[in-house]
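Below, each chain spelled out in residue letters.
Protein chains: 2
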Amino acid sequence: MSTFLPPLFPSYQAACELCREAGGALVFQSASWRVIRAADASFPAFYRVVWRAHVSEWSDLSLAEQAVLMGVVGAVERVLRDALAPTKINLASLGNVVAHLHWHVIARFDWDSHFPAPVWAGAAREVAPPAVERLAIGLDELDARVARAVGALAPGG
Amino acid sequence: MSTFLPPLFPSYQAACELCREAGGALVFQSASWRVIRAADASFPAFYRVVWRAHVSEWSDLSLAEQAVLMGVVGAVERVLRDALAPTKINLASLGNVVAHLHWHVIARFDWDSHFPAPVWAGAAREVAPPAVERLAIGLDELDARVARAVGALAPGG
Chain D
394 MSTFLPPLFP
404 SYQAACELCR
414 EAGGALVFQS
424 ASWRVIRAAD
434 ASFPAFYRVV
444 WRAHVSEWSD
454 LSLAEQAVLM
464 GVVGAVERVL
474 RDALAPTKIN
484 LASLGNVVAH
494 LHWHVIARFD
504 WDSHFPAPVW
514 AGAAREVAPP
524 AVERLAIGLD
534 ELDARVARAV
544 GALAPGG
Chain A
394 MSTFLPPLFP
404 SYQAACELCR
414 EAGGALVFQS
424 ASWRVIRAAD
434 ASFPAFYRVV
444 WRAHVSEWSD
454 LSLAEQAVLM
464 GVVGAVERVL
474 RDALAPTKIN
484 LASLGNVVAH
494 LHWHVIARFD
504 WDSHFPAPVW
514 AGAAREVAPP
524 AVERLAIGLD
534 ELDARVARAV
544 GALAPGG
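Which chain is which? The protein sequence lines are D and A, in order. Residue 394 is where the first sequence starts when you use my numbering, and the numbers rise one by one after that. Residue 394 is where the second sequence starts when you use my numbering, and the numbers rise one by one after that.
Hints in this document: simulated from the structure, not taken from any laboratory. Among these hints, one or two may not hold up.
Said to hold, decoys possible - Here are a few chain D residues that sit away from chain A, every Cβ distance over 12 Å (derived from the structure): (1) Leu398; (2) Leu401; (3) Ser404; (4) Ala408; (5) Cys412; (6) Val466; (7) Lys481; (8) Asn483; (9) Ser486; (10) His497; (11) Phe508; (12) Glu519; (13) Val520; (14) Ala529; (15) Ala537.
Unchecked claim - Okay, the calculated bits of chain D under chain A, using three or more residues with CB under 8 Å as the criterion: (16) 452-460; (17) 467-480; (18) 510-518.
What the hints assert, rightly or not - Each pair of labels, with its calculated beta carbon distance range: (19) Ala457(D) with Gly531(A): 29 to 37 Å; (20) Leu401(A) with Gly464(D): 22 to 30 Å; (21) Gln406(A) with Ala460(D): 40 to 48 Å; (22) Ala529(D) with Gln406(A): 25 to 33 Å; (23) Glu519(A) with Tyr405(D): 32 to 40 Å; (24) Ala516(D) with Ser449(A): 21 to 29 Å; (25) Pro523(D) with Thr396(A): 47 to 55 Å; (26) Ala514(A) with Ala457(D): 27 to 35 Å; (27) Ala517(D) with Gly531(A): 31 to 39 Å; (28) Ala516(A) with Ile530(D): 36 to 44 Å; (29) Ala537(D) with Pro399(A): 37 to 45 Å; (30) Gly531(A) with Ala537(D): 51 to 59 Å.
The beta-carbon is built from N, C-alpha and C at its ideal position, and this holds for glycine as well.
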């Protein structure tokens, strides 16, 4: 369950980074999606929910698939809210560079380097001590809580 | 159906811009959500799907409410794809400044001012003629198509 499974033929695309690699620290993988944690020092509580098959757009999924994927996004969000009490959760599916459907789920804090701007804008301030040291719990524990929450949504648990 | 309906008590918050105002050109309003078009010269095909009640986070909605809202987001996305054949659709729910649940649905083009960066990053180029003139159809027609598509999802049409 913690092994990266690339998409199966016929959706696999060799040129796509998210078909070839997990794309971050693998937190949990089911048969149709995975959760990874991005390595971002400014935003340590930054997860991505990646659809396993190579599709570009949200509306490429069926309504049933959308419900599955957004259920996982919601579960990650809920863990971040419960564990970290962030100022805000940011969700986004952009994919302009890597057009393989994935959702960003990011815990934002009023003290973080960019707040209230989006993480893709310019930084507003320097943060010291480092952001990761200001989280209520460590990333290993956070990953474990995320894995438990989303694992409960995976067929076969 | 094209009249802005503020949230009902008890969720109404006078300090919230999206409780007091539509937040853009009102395209369609149902009893629980509305679709507006932002006024953004760089990204003319930029819609927002706003939940009528004042809630901050995606996970504040029930699963049934999430399905309703994402159905509307998906319908807007599908109209933009069919009408404009954009390079990519960008979806986001941020709310760091206005913490009233709303989804951005933005048609992106490889020629637009910021592509492939997110719209919240810095511009990469100047665009001439203006972006709106490069869309396959006009904004009035686009609004009408969006209104028809999302109107079909509203109870009572």
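Query raised in the report: Looking back at the numbered hints, which does the structure fail to meet, lowest number first?
Result: Numbers 6, 7, 8, 9, 10, 11, 21 - these are the hints that the structure violates, sorted from lowest upward.
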